[in-house]
Amino acid sequence: MIKLDNIEVKFGDFLALSDINLEIKEGEFFTFLGPSGCGKTTTLRTIVGFIQPTDGKVYANEVDITNTPVEKRNIGLVFQSYALFPTLNVYENIAFGLKVNKMPKNEIDEKVRAIAQKVDLSEEQLMKKVSELSGGQQQRIAIARALVMQPEILCLDEPLSNLDAKLRVQLRNELKELQQKFGITTIYVTHDQEEALTLSDRIAVFNKGVIEQIGTPREIYNESKTEFVCNFIGDINKIDEESIKKINAQTDYNLDENKQSYIRLERIGINEQLPGIKYAKLKAEVVSFEYYGLYIKYYLKVGNIILKSIEKEFGQTTYQVGEIVEICLNPMDIMQY
Amino acid sequence: MIKLDNIEVKFGDFLALSDINLEIKEGEFFTFLGPSGCGKTTTLRTIVGFIQPTDGKVYANEVDITNTPVEKRNIGLVFQSYALFPTLNVYENIAFGLKVNKMPKNEIDEKVRAIAQKVDLSEEQLMKKVSELSGGQQQRIAIARALVMQPEILCLDEPLSNLDAKLRVQLRNELKELQQKFGITTIYVTHDQEEALTLSDRIAVFNKGVIEQIGTPREIYNESKTEFVCNFIGDINKIDEESIKKINAQTDYNLDENKQSYIRLERIGINEQLPGIKYAKLKAEVVSFEYYGLYIKYYLKVGNIILKSIEKEFGQTTYQVGEIVEICLNPMDIMQY
Amino acid sequence: MKSENSMSPLKKRKVTKSFGFENILKYLMYAMLAWFIVSFLVIPNINTLYTTFFIDGSFSLEAVQKLLSSERAMSSLKNSFILAVSLSVTVNIIGISLVLLTDYFDIKGSKILRLGYMTTLIYGGLILVSGYKFIYGGNGFITNFLVDIFPNMNQDWFVGYWAVLFVMTFACTSNHLIFLSNAIKKLDFQTIEAAKNMGASTFLILRRVVLPTLLPSIFAVTILIFITGLGATSAPLIVGGESFQTITPMILTFSKSIGSRDLAAMLSIFLGMATVILLVCMNHFEKKGNYMSVSKVKTTIVKQKINNKFVNVLAHIYAYALFLIYVVPVVLIILFSFTDAKSIATGTLSFSSFTLNNYISLITNESAYKPFIVSILYSLLASIGVIIITVSACRIIHKVKNKWSDILEYSLLLPWLLPSTLIAIGLITTFDKPQWFIGGNILVGTLVVLLLAYIIVKIPYTLRMIKAAFFSIDDTLEDASKNLGASSLYTFFRILLPIILPSVLSVFALNFNSLLTDYDLSVFLYHPLYQPLGVFIKNLTDANTVADNTTMTFVYAVIVMIISSITLYLVYGRDVKKTKKG
Amino acid sequence: SSNKADSSSKKLVIYSNSTADGRGDWLKEKAAEAGFKIEIVEGGGGDIENRLVSEKNNPIADVVFGPNTMQFEKFKENDLLEPFVPSWASEVSEGLNDVDGYYHSIVKQAILLIYNSDLYNEETAPKDWTDLWTNKEFKNKYQVEASLNGGTTRVVLAGILSRYKDANGELGISKEGWKAVEEFYKNGVVRIDGEDFYANLVSGKTPMGQMWSSGIASREEQHSVKAGLVNPEVGVPYVVEQIGIIKGSKNVETAKEFVEWFGTSEIQGEWAKEFDSMPANEKAMEKASEQSKYINENYKAQDIDWTFVAENMDAWAQKIELEYIK
Ligand SMILES: Nc1ncnc2c1ncn2[C@@H]1O[C@H](COP(=O)(O)OP(=O)(O)OP(=O)(O)O)[C@@H](O)[C@H]1O
Ligand SMILES: Nc1ncnc2c1ncn2[C@@H]1O[C@H](COP(=O)(O)OP(=O)(O)OP(=O)(O)O)[C@@H](O)[C@H]1O
Ligand SMILES: [Mg+2]
Ligand SMILES: [Mg+2]
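Chains as they are written, first to last, in my numbering: chain A, 38 to 374; chain B, 38 to 374; chain C, 113 to 694; chain D, 53 to 378.
Heads up, some of the hints might be wrong.
Unchecked claim - Selected chain C positions facing chain A (Cβ under 8 Å, derived; list incomplete):
| # | residue |
| --- | --- |
| 1 | Ala332 |
| 2 | Cys393 |
| 3 | Asp591 |
| 4 | Ala592 |
| 5 | Leu596 |
| 6 | Ile611 |
| 7 | Pro614 |
| 8 | Ser615 |
Because the hints were derived from the structure by calculation, they are not lab data. Remember, it's a predicted structure, so these values are computed and weren't measured experimentally. Heads up, the beta-carbon is just placed ideally off N, CA and C, and yes, glycines get one too.
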């Protein structure tokens, strides 16, 4: 569907993107994830056509579109700030692209109303000014405005980053539903790990203008290829040499003691007997915990380091501060770099 | 420390607050939680003195301060958007209140530098324009500006709501640390449940201008007094009559079948044998799941309803879509209204 | 998607205009602008300067010498600078306090006060100064009143520096009222509350928090005030007396006498250089300071109560005293337009002298309409023309950020460097003969030349105001429109223009109103058969007429005020209604 | 109004500085009766001059009348005029018409120093311009003009300065002469823009000042004041208002007809009667008012070398503007 071939983008002397290679498949929900300033927006803008790469090619359906102007690529775009036209009402915003294409009035009307219904905008809301609608409704207008053009690809640049937590979760779900309803190929830009994990079919993790890893959420999370990805994708524990030695001693697994070692929070069990595999067991002291409702996060002192672990919460704090517990971990879950 | 006695606030005809009674103890981290427009900010502004209640009294250390003007109450305030003075540099922003109080120059200097150090602002940053600093640093300036006045109480109105997820978590922790370091009585306004749960000593849940419940995070979460609180404080499952009947049949617990019944996600176990208490067991089909990294959220069909449950993630999806599982739940965990 | 698609590129969209056409239009616009600037801004003015310093082809500084040795020229020049500087202070004091009274503090009746303060938008120049003289001058209303109390006082107390300063201070607050009010409304109100929370008093907040944030707007209006002060004409002429004459009337006199035009040009260059220096300084200050609010969520301003009772009373007294200063001249002009010459001369009002004759004679005299029609049409066309030119220029300056756009911007500011009379002379000396770059036409003696002149003098001001509007547009809107397939042209007209329209309209109204009674430019360039209003009114008061036309000038003044009020209502009044409805 | 002019009437644009006080309207009406539809463009002498010069290549005016000989000399020099000798040229007093036939005289005007006769009588009033500054009693009692672009003002200056002609002096004027002008301005009161001289004369603010003779009668009536006219021994400057046709006019033939009509003793006589002017046409002089006749007979013309004045006037004006006006 979309293929980036060795894309490089420079702003003056500054190398914003280099060596970007990726292929997005039809119907896929593909996410660009990365910290601020890593080049996600730049990549997206290269695909949409606002930026001409200094090197490399952009292919759409195997045709080179590197030099096709923005207006002629049929790629929908939803901006971070929505970029709704403030002087037009909701209806006119959605109809804008169709009008530009000189579609007959009645056809426009039909399409606008159809898409409005699909994104749950009422007849009444269509006639309002965009500024009179809430953040969530504005997002739906922005999406409707892009979708009504029947683009083959829909690009979204951090569409949720301006919203508060509750609304973000709600809209995230709406977005996913819409994407599934329309089956449209979607490129999604975010720096929110949770968003990337729950929404995406595949994720490309960006860092400083290069792609560090491309893969499914599970691959990215559990088999992070680089230390950066491992750190960036979610909360993590760093294990020191001493503990690694202990783990090596207890299991027949041979971890490299000189490498940086990491393990995810949920892979550490407390006082747990897990079946099957051979586990390493370490003594730990509960130093503190944080209440999250859904789960409790425990801070456990093991030797000289603090390891975090989560436990599902059953109404009572299972472990008290000061309590000595035994934690178990599977050496296979340790990622080393 | 602070006591609100039967506070009522009207804007014209609109009753924004009624019957607000609460007491905040010294050194406490007290949170106002509630949806948008419920009156959190109004309550805070009543305490700070921007709003005169139409009825009721505000006490500070048992002294009636209802009619004391803003300038004379020694209550620090950190605004949602920080409200830093754009024309003053960081140092001048922090020194502003002291200067207003006509403190000698050298004393101001001492205090500003001391507080700056405590909130981790470097000498160099002190001389910068506020717009040149990042969101997190700006927050610290805002807090330093309030703290340098040595207020007895620090009020914060959604100080994190403008930030992105990663920064929010980081700053939340910094905030908690600062509060503990200074041991200052803190009133915190938020609509983010996670924030409220992890930060607070006690929470007051607001809804439509009244307080629905005051309590510790655990009380609020696990013993929600009203349906609203139960729904608002976190993700929840609604259980239908049919399932309640089954549960009543399996246990000697007698739940009211005609009431609305709720259970939290983490209180539902899948294929689990929990010791001690008598559990109800229900057959369920896994219909879908969502990957969160830390845990997986399963959607389980039980009779005519879908129940959600979370499981700690150990690298493989424990249950497959379509799989028939047995869920167990403790009738005591069911909240009824 | 479907297999037939898989080998084709993304579905091509129909695009409104073909790409080539757009490009041609774009370059056509560039060419037109370049042509306009070179033909009408650069060549005529260079021409003036050339003829000033190159007498018979050789460079000469005779003019400088003459001026330097003229006490009168030097003192007038000095006075102009004194006036410009002192106005920059006094107008800011009054202007800022006006804005604070109407938009920041909670003053009773602020809506009516605002209307009163806005009277300067509907009349200016000669009419305004005459109005003030009519009140404070020798036989003026106030003077008569004062003389009754202090019989020994000098009746001609209202002359000289203080009189000029007084009149111009109150005459020049329009820009504050419009642009500073906007800035106050954009203030981040939370910063005010934060300061309050830290114990700051109302006035400390004003000084330390509010005013610093308004500085960029204050800088911008200060430039305008300074330029106005340097170019002051009517006020010094009428109330300056012998002790306080400024340079512009002298430039005007010199430029009317062909043999002395070099002096006029030379004096203008002094003023121009001062303006340049000022612009450079202001730009420097503007860049140095930081005034961007860091707040993401702004709360709108709530009017501040003045807690101190005494100060509150004082503020109200001050507000209403200002109101009277603004409104009384207007009211009296209206009242006296219904009286006879004698009442006006003696400054007395009585029922017996009330008459409708003035208006009747205006209505029945067909030649009296003509100047109105001429001026309305000219002002309308010129205001539209100047908007078209500056908006297209701003579009380029905004989009193309390079050396050329800088040159474009600065060349459009050129007319600020010369007083309007010199611009008129530049046009005359350049276009009184066929010029190839305008197709071999002669412009002098045609209707076009005055239109051109009106457009030229209004460009710098318009540019500054509209540029600000352009730079506040969210860039992503343009991207979004493009992404939906719209051409640049379509995007511009459908998306960008509507956003800047409010600013465009207010600048349009201000331009229209000020051109309506222009005299300085018109007198040089008007087509003799189409006399504009400013010239017409001035001729009415000319010393060579025997008939006493003072009543008629009052009548004309009233009608001008009515037209200006209608313009303002069309721009602002309707706007207010719309937002209220919405 | 011009209703009487039928559609066939011939259109003309006329520039003039001499159409004030109802002269313009009167002329329009009379011309319409004679079959001319004229548009009059009014303006001060300086304005008219500037206009004609700048419109040289694209003239709008067909006829100009009113400016004085000095100014017409300049027009001629600038090649702005079309030569035409009307039949009435011979009826004009000797030496007033242009010898080359470019312009011809219509009205003579004495430029006088006048005073409010309620406040001064022949005894107490000044006897000559020079008294204004030599006699301290008149300090700040007379009005002067700050702008030297007006025709009358320039003639007054010519009257003063030509008394001090000195080939070695600055701009042809002796030191003494410049001193005189300096004193003249120093002791006078500058007229403020928008103020009316006669109003000030009546009120006593400045009871003396310059006036052109044909304007006196109408103003006396308007302000009900009697003006005293100073009659210096050296005489008073007379200026002659001329008429000419603009070169390049699109209506030269009509213009010629108009000039032919306007200068006749009949029209000039009526004009003189109506507006109290002193016609240059000797035949028309009979119809002039008593006062005009009186002035004509009793106020002798000051001997002024107009060529010399015309050559230097611009430079003088500039010098005075720069150095002597306060
Ligand atoms: N027009 C430009 N000129 C110069 N540098 C630019 C330009 N646009 C982007 N950059 C730089 O390129 C880098 C990548 O920017 P980009 O906007 O792609 O980041 P991003 O990953 O989208 O970050 P964010 O999450 O903050 O939006 C940044 O360092 C940015 O400063
Ligand atoms: N000055 C005012 N005049 C009129 N109504 C007001 C005013 N201030 C607040 N309200 C109303 O009072 C109610 C409570 O407002 P408040 O700002 O306290 O809500 P909040 O809980 O802080 O909400 P949010 O989370 O959106 O900040 C809202 O319905 C609001 O519209
Ligand atoms: Mg970005
Ligand atoms: Mg709030």
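Going through the hints against the structure:
1. Ala332: Violated - the Cβ of Ala332/C stays beyond 8 Å from chain A, reaching only about 24 Å at its closest.
2. Cys393: violated, 31 Å
3. Asp591: Holds, about 6 Å.
4. Ala592: holds, 4 Å
5. Leu596: With a minimum Cβ separation of about 3 Å from chain A (threshold 8 Å), the hint on Leu596/C holds.
6. Ile611: holds, 6 Å
7. Pro614: violated, 10 Å
8. Ser615: Status violated, d = 13 Å.
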